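Using the sequences and the hints, build the whole thing.
Residues in the sequence shown are numbered from 1 upward in steps of one, following UniProt numbering.
Hints may be right or wrong, so weigh each one.
As the list claims (entries may be wrong) - Ranges between beta-carbon positions, derived for each pair:
{"no.": "1", "residue 1": "265", "residue 2": "223", "range": "30 to 36 Å"}
{"no.": "2", "residue 1": "249", "residue 2": "62", "range": "27 to 33 Å"}
{"no.": "3", "residue 1": "234", "residue 2": "30", "range": "39 to 45 Å"}
{"no.": "4", "residue 1": "228", "residue 2": "58", "range": "20 to 26 Å"}
What the hints assert, rightly or not - Straight-line alpha carbon distances no greater than 25 Å define the calculated PhoX-like cross-link-like pairs of lysine-lysine that follow:
{"no.": "5", "residue 1": "247", "residue 2": "224"}
{"no.": "6", "residue 1": "160", "residue 2": "177"}
{"no.": "7", "residue 1": "68", "residue 2": "261"}
{"no.": "8", "residue 1": "160", "residue 2": "261"}
{"no.": "9", "residue 1": "177", "residue 2": "287"}
{"no.": "10", "residue 1": "68", "residue 2": "194"}
{"no.": "11", "residue 1": "32", "residue 2": "71"}
{"no.": "12", "residue 1": "250", "residue 2": "177"}
{"no.": "13", "residue 1": "71", "residue 2": "261"}
{"no.": "14", "residue 1": "250", "residue 2": "287"}
{"no.": "15", "residue 1": "247", "residue 2": "287"}
{"no.": "16", "residue 1": "247", "residue 2": "160"}
{"no.": "17", "residue 1": "177", "residue 2": "247"}
{"no.": "18", "residue 1": "261", "residue 2": "224"}
I should point out that these hints are in silico values taken from the structure, not numbers from a laboratory. The structure presented is a predicted model; accordingly, all values stated were derived computationally and were not measured. Using N, Cα and C, we set each Cβ at its ideal position, and we do this for glycine too.
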Amino acid sequence: MFPSGGLSDAKNILTAHHIGNIFLSVAFFIVKITPGVCNVIFAMEEECGLDRREHEIMVFLGVIILWKNRKASNWLHYLANVFLFSKMANVFLFLRAEPLIGSIYVLLCIAGLKIRYVTTLTLMLYLASDCCLIDTFAFTCVFAVHAVLFPEPAYTGPEKITYFNGTELYDEVQRNKRVTWLVQFYTTWSPECKHIAPVFAQLSDRFALPNLRFAKFDVGRWPKEAERFRINTHPASRQLPTISLFKDGKEVLRRPTIQNKRAIPFVFTQENCILEFDINNLYNECKSNLNKHGKEILKKDHGDERTE
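What follows is the structure in structure tokens.
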């Protein structure tokens with residue numbers, strides 16, 4: 001199933017990062033089927049086109065993309081997975097070379113790749129190919145420069161989120177127990193946390209009230225507070241990100257949940273978050289409990305223009 005929000009996210013792909021990744025993702029396919037170009041780059045004497053093994057790799061790539069994107073939270077997350085695995089397939093197809101070439105490639109690209117994918121990529125580089133050293137090095141440089149100069153843009157849309165440091169979150173939750181909090185626990189190095197940032201921001205912009213507030217807390221910077229809120233910050237942790245609901249000063253719900261010391265996977269789409277945390281009813285409940293001052297703040301801020 002495809003993630004929702006395609007039209008609203010479409011404008012966000014018109015960046016150097018995404019346009020460059022589109023080119024890099026289809027580079028091998030375009031080069032291999034273009035007469036003249038393929039003859040020069042691959043020293044092919046026969047007709048240009050994909051051979052049987054390359055067809056198999058393309059089909060396998062499609063299967064992997066569909067499998068990995070089952071948990072995509074939005075279209076930008078979906079595209080990030082497409083770009084990642086398409087470029088890894090391009091590595092396999094372009095760089096079937098000796099280990100020395102693979103080592104050069106890893107050294108150039110390691111800064112632009114997620115650490116958890118480096119091992120997979122390194123193994124792929126040991127598979128054989130016929131691509132010449134100059135073409136391999138040129139493609140590698142393009143890939144590396146693009147990753148460094150044009151990183152994935154951060155979310156810059158509207159949000160109504162409070163950011164806490166140190167013990168501020170715990171103190172605030174305990175100080176005013178009449179306020180209900182939805183809190184995202186995240187780290188700056190986690191790609192999954194980065195992917196759900198637009199989802200949480202859009203939820204905050206849509207549902208925030210004076211007594212229903214949204215917050216983010218970087219558990220990577222404050223490990224003691226992570227322990228207090230029972231968030232595992234290990235690089236292999238499945239608890240990042242975690243969204244928790246606090247009512248009356250206590251946590252009443254979180255996703256993902258923990259069973260038998262393991263985190264149960266949760267897909268952080270807007271629809272799933274609204275359903276699991278019952279945000280529509282939570283919004284109506286908090287709105288009905290607003291005092292006169294809170295209603296004035298609500299009217300001043302956005303005139304209660306929330307879309308149902």
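Here is what the structure says about each hint:
{"no.": "1", "hint": "265 - 223: 30 to 36 Å", "result": "24 Å, violated"}
{"no.": "2", "hint": "249 - 62: 27 to 33 Å", "result": "49 Å, violated"}
{"no.": "3", "hint": "234 - 30: 39 to 45 Å", "result": "41 Å, holds"}
{"no.": "4", "hint": "228 - 58: 20 to 26 Å", "result": "49 Å, violated"}
{"no.": "5", "hint": "247 - 224", "result": "22 Å, holds"}
{"no.": "6", "hint": "160 - 177", "result": "20 Å, holds"}
{"no.": "7", "hint": "68 - 261", "result": "24 Å, holds"}
{"no.": "8", "hint": "160 - 261", "result": "33 Å, violated"}
{"no.": "9", "hint": "177 - 287", "result": "16 Å, holds"}
{"no.": "10", "hint": "68 - 194", "result": "17 Å, holds"}
{"no.": "11", "hint": "32 - 71", "result": "32 Å, violated"}
{"no.": "12", "hint": "250 - 177", "result": "8 Å, holds"}
{"no.": "13", "hint": "71 - 261", "result": "21 Å, holds"}
{"no.": "14", "hint": "250 - 287", "result": "20 Å, holds"}
{"no.": "15", "hint": "247 - 287", "result": "15 Å, holds"}
{"no.": "16", "hint": "247 - 160", "result": "19 Å, holds"}
{"no.": "17", "hint": "177 - 247", "result": "7 Å, holds"}
{"no.": "18", "hint": "261 - 224", "result": "20 Å, holds"}
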